[in-house]
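Number of protein chains: 4
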Amino acid sequence: MNTFGRNLRLTTFGESHGKAMGGILDGMPGGVKIDFDLILRETSRRRPGQNHLVTARNEKDIPELLSGLTDDMVTLGTPIGFIVRNTDQRSGDYGEMADLYRPNHADFTYDMRYGLHEPRGGGRASARETLNWVIGGAIARQLPCMKNISIKAKVISIGGVSGTQEELVEIVEEAKKRGDSVGGVVECVLEGVPAGIGNPVFGKLHARLAQAMMSINAAKGFEYGDGFAAASMYGTEHADIFTSEGGRIRTQTNHSGGIQGGITNGMPINFKVAFKPTPTLLRDIETVDKEGNSTILKGKGRHDPCVALRAVPIVEAMAVLVIADEILGVKC
Amino acid sequence: MNTFGRNLRLTTFGESHGKAMGGILDGMPGGVKIDFDLILRETSRRRPGQNHLVTARNEKDIPELLSGLTDDMVTLGTPIGFIVRNTDQRSGDYGEMADLYRPNHADFTYDMRYGLHEPRGGGRASARETLNWVIGGAIARQLPCMKNISIKAKVISIGGVSGTQEELVEIVEEAKKRGDSVGGVVECVLEGVPAGIGNPVFGKLHARLAQAMMSINAAKGFEYGDGFAAASMYGTEHADIFTSEGGRIRTQTNHSGGIQGGITNGMPINFKVAFKPTPTLLRDIETVDKEGNSTILKGKGRHDPCVALRAVPIVEAMAVLVIADEILGVKC
Amino acid sequence: MNTFGRNLRLTTFGESHGKAMGGILDGMPGGVKIDFDLILRETSRRRPGQNHLVTARNEKDIPELLSGLTDDMVTLGTPIGFIVRNTDQRSGDYGEMADLYRPNHADFTYDMRYGLHEPRGGGRASARETLNWVIGGAIARQLPCMKNISIKAKVISIGGVSGTQEELVEIVEEAKKRGDSVGGVVECVLEGVPAGIGNPVFGKLHARLAQAMMSINAAKGFEYGDGFAAASMYGTEHADIFTSEGGRIRTQTNHSGGIQGGITNGMPINFKVAFKPTPTLLRDIETVDKEGNSTILKGKGRHDPCVALRAVPIVEAMAVLVIADEILGVKC
Amino acid sequence: MNTFGRNLRLTTFGESHGKAMGGILDGMPGGVKIDFDLILRETSRRRPGQNHLVTARNEKDIPELLSGLTDDMVTLGTPIGFIVRNTDQRSGDYGEMADLYRPNHADFTYDMRYGLHEPRGGGRASARETLNWVIGGAIARQLPCMKNISIKAKVISIGGVSGTQEELVEIVEEAKKRGDSVGGVVECVLEGVPAGIGNPVFGKLHARLAQAMMSINAAKGFEYGDGFAAASMYGTEHADIFTSEGGRIRTQTNHSGGIQGGITNGMPINFKVAFKPTPTLLRDIETVDKEGNSTILKGKGRHDPCVALRAVPIVEAMAVLVIADEILGVKC
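Residue numbers (this note's numbering), protein chains in the order written: chain A, 1 to 332; chain B, 1 to 332; chain C, 1 to 332; chain D, 1 to 332.
Just so you know, not all the hints are guaranteed correct.
You can't tell identical chains apart in this list, so a pair holds if it fits in one copy or across any two.
In silico DSSO-like pairs for lysine-lysine, Cα to Cα no more than 30 Å straight-line [what the hints assert, rightly or not]:
hint, residue 1, residue 2
1, K60, K19
2, K298, K176
3, K147, K19
4, K290, K33
What the hints contain is simulated information worked out from the structure, not anything from laboratory work.
Please work from the sequences and hints to get the whole structure.
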């Protein structure tokens, strides 16, 4: 449940306000030179506190790699263990929430599942967990067989508005001023993935991407290629006609999003992920406590007004983990 | 890759025009009385040829259960093997397609993955495979712990139009007359799933549902709760305020779709799946052969003008398999 | 539980007196030509009734391959489903045993595990299940990367006596005359397995072989290399000194049995499996029924006086499945 | 490969002379009070340096638990991450061995598998890895459903001699004086495991125990119940006659070792594990370097003259992990 992947397996742990986050990346072949700066670049992209739009927590989020590498940072083929200490816990911020069920958070459902939950900061359900995923993805990205593959995500709409980066930022700022939050959509494009990657029938590449993306906190929807729009189309509109170009078979259009029958056809892969507004609001909200008594959840603390902004490097990391896993299973 | 599930595992095989489809359902506890008629009811719902809107293949699709049951149809706790013979193969229909790559089919990608593909009727990539899933789901549905859970899917739009069943059918008929096909959206609602089902962080219930639904042929998108619409919303709109009702904590609204943090909260679960138009058209289409030479794919044979219509019992079956798997892992 | 393997997965089903045995072999790459006669040769080696020393059941044990192959018997890369009908059931033979717990059989433990058990012939716990394994192994053996690997098992002792085949057979015949049964040891030698196969730390090759061999009915012990004798040795006796021979590093002796740290070193692999005497005896035995009442189990029916004799092709099949699985994961 | 278990999964990492050992125990239910002292007691039993018979490394081996627990040491149901720093590395001790292949070590096979190996102290193949297993086992042992189960191992013979503890110790001391090492056998007895635990056909309890025990460094053989001796017996000798005692069905003898058909019958489970002599000797040994040139490996450094002595708590820990895993899957 806390493991992702088959050939390249990331197993993670950590509560947001516990001692540390961490994980084990198992399945990296031996002999891969790892650039630590590339890991830091990804964790830095993910880190809150980079700008005024995201929450002001200030952990440095510098992972310590504990195994699986020579002194020269070459993989040994053995599992790479890593941890990141939680240095900026400020647990007092959340203290009064301990007995309340915050709306749209996992407090209540963890109680139903485990009989208790960590009351500080979301515990295991915190988006801080995705730091582990970004670290895993940043290592996997350095596999030789991933080098020619480009995986890039970006926010394409906020609160239903598509626009320039400036316009999108403005929508978030407006929401923040009102103590509100807002949803958004992230698109990811993968170029250079060779044809023939993926596995029928329950391991279809898009099904695995769907599972990976829906694992990200606040994700509510996934689509690839024409996605939901394809449900409004006719077959004659949706057809991707094959053509031969310099001896290589490709399609004239890419309604399919680069995947047919769960296997890549060599065209760019594209998918979109919908994120709901951050459930934490800087407003007082009506809720109940563990006994079901009505009460008020005070709006305070730090929060991200728009989780979609933070999700960009996380979407990329999970896409990297899926593709690396599949490629290692076939032709790395 | 051909196995779905952890506690209840369905492993399947079969090419559409091979000798038989079949599977093994492993993990059913002992002592469960199985009603064979309930299995037939589901396979019959899925079967082509029920009405003039779906392809005219006429297999009886009656599964033979080969193991795991007493003579009185009580589960032994051992794996249930089953097969369904492919009796109506008419392989000549597809003969000329053997060397062509049909647009939006998996012929080309299977060649890239395996070096060859079964040229008759889609082989393993055929939607006939979902017959195995419906059989597995129909057995799993009979688990005692599934008895009070209602899982119901329906088509909610065709070609972008929401309407009554009659209106939707008319859209499909129009498309069929033109030799065209059309996409659609299926919605599924699960009621009675107890709170506390699902597993963080990579086994979130909605992530597993996403993987399951995206495994269905022609699926292009998945969303749950408010789904993509949540990406256009503000946090204040999306909040599901907790309330206490007769000693039971529930939410006033259900934007979350019954799942928070990957675990059920006891509210109804709802999700939608987008299906593209069937790629097979009754028209001539430009394409290439294996050597990349341009050629024409003749439009003939049988085909479903709207895969979404067929998908309803399949969506239900996969939802059953996900929920049964999770419940067996926790509290069956 | 009914699946073996990671890259090459065999999932099986079947009760000895149910409709059929069967399985799904998933993970065979595409393009492998399968010789059906080689499968029959293995099932025939395993089949009871070949000579007067083994039980007289006379199923033909001819598997029907249902999927995953072209008409020319070339693998498609998709799962290979197979079944073998149980034609010679004679269920009356076991009828009176239905309510008794046969000593050293699994009747009682299946009741404890599943709440019921199939009373005819051992059900799922019957050694007939190993027919599925032999079929799976016979297919896997035809992988190109298995072609230069020799995997050969033989009985090396019966009832504690090592001797020629004639002497061993005589011991079994003597036991049979007395309505008794007798144990034995099977040795297996694998030659040609390349160096570098296996995975630390929980996937050590010898640990996987141990699990595979201990899965065989009646197996009580496993050892490889010097095995239990190594526990009586000093380090100076046990050392396998490295040497270089024609540019290839090898060891002068092979106390290690071809595996160091769970990974092959290119030397022959050898292991032994101990089998207990068949629990079925042709004598009256004291036992209890389901209610715990004392009763007598009448000695009659068919039985193998020495399961070790039957185990030879099964040991080989399981060794093939382990090696093929590992090689497919690394360098096939 | 570095993960053990299905319902309770231990994933580990660490090279003996890297920064840290560590692991993630995933699958512990919520609400279990953990006594840290019980973990320390087990790691202390395993720790080298306790007496003059085992290697003099002096790490304190105090694990740091990083997640999955409340401040009061109650499990949250989330994964428990832990690390143990490697503080006493003295890497210089092994420096000269970097280019040599030590006999019966995994240096050569790791090179074959991964293209390189960590030259200091065995790296991932070091027995220090078993510290992670002992920690995992010590946590699992505290599950409520494990409380009434007794799992106790002991050394029963050294160098082929069975005797009192004093006699066995003397054999090891003699070997040590000569710079030699010696093998031994560990026996483990499990009492209180309820009937009905285990899973046919590839998940048989004894097959899982075999895999677990053969994963331990230096293990060469596994047997349960009568084990290899059963291969020398007749069916009439080996039969475990059922009897009813105070309404509970049990067997008069226990040749089966508490397991029939892979499932427990409620009788004590017993098994034995054979360990080879430690491959490290305090003598000069002939070997080759990476290029195959003959050379001499100098005998120096620390070493355990008898790995079987150290294995006792490790055998117990792995037995705990197997039983806990199975019980969590059935009836915890």
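Going down the list of hints, with the structure as the test:
In this homomeric assembly, K60 and K19 come within 30 Å of each other (Cα to Cα) both inside a single copy, at 14 Å, and across copies, at 20 Å. For a Cα distance limit of 30 Å, the shortest separation of K298 from K176 inside one copy, 16 Å, qualifies, whereas the shortest one across copies, 58 Å, does not. Taking identical chains as interchangeable, the C-alpha atoms of K147 and K19 lie at most 30 Å apart only when they sit on different chains, with a minimum of 29 Å there against 34 Å within one chain. Taking the closest pair of Cα atoms, K290 and K33 come within 30 Å of each other only across two copies (21 Å); inside a single copy the shortest separation is 51 Å, beyond that limit.
Hint check: no violations occur; every hint is consistent with the structure.
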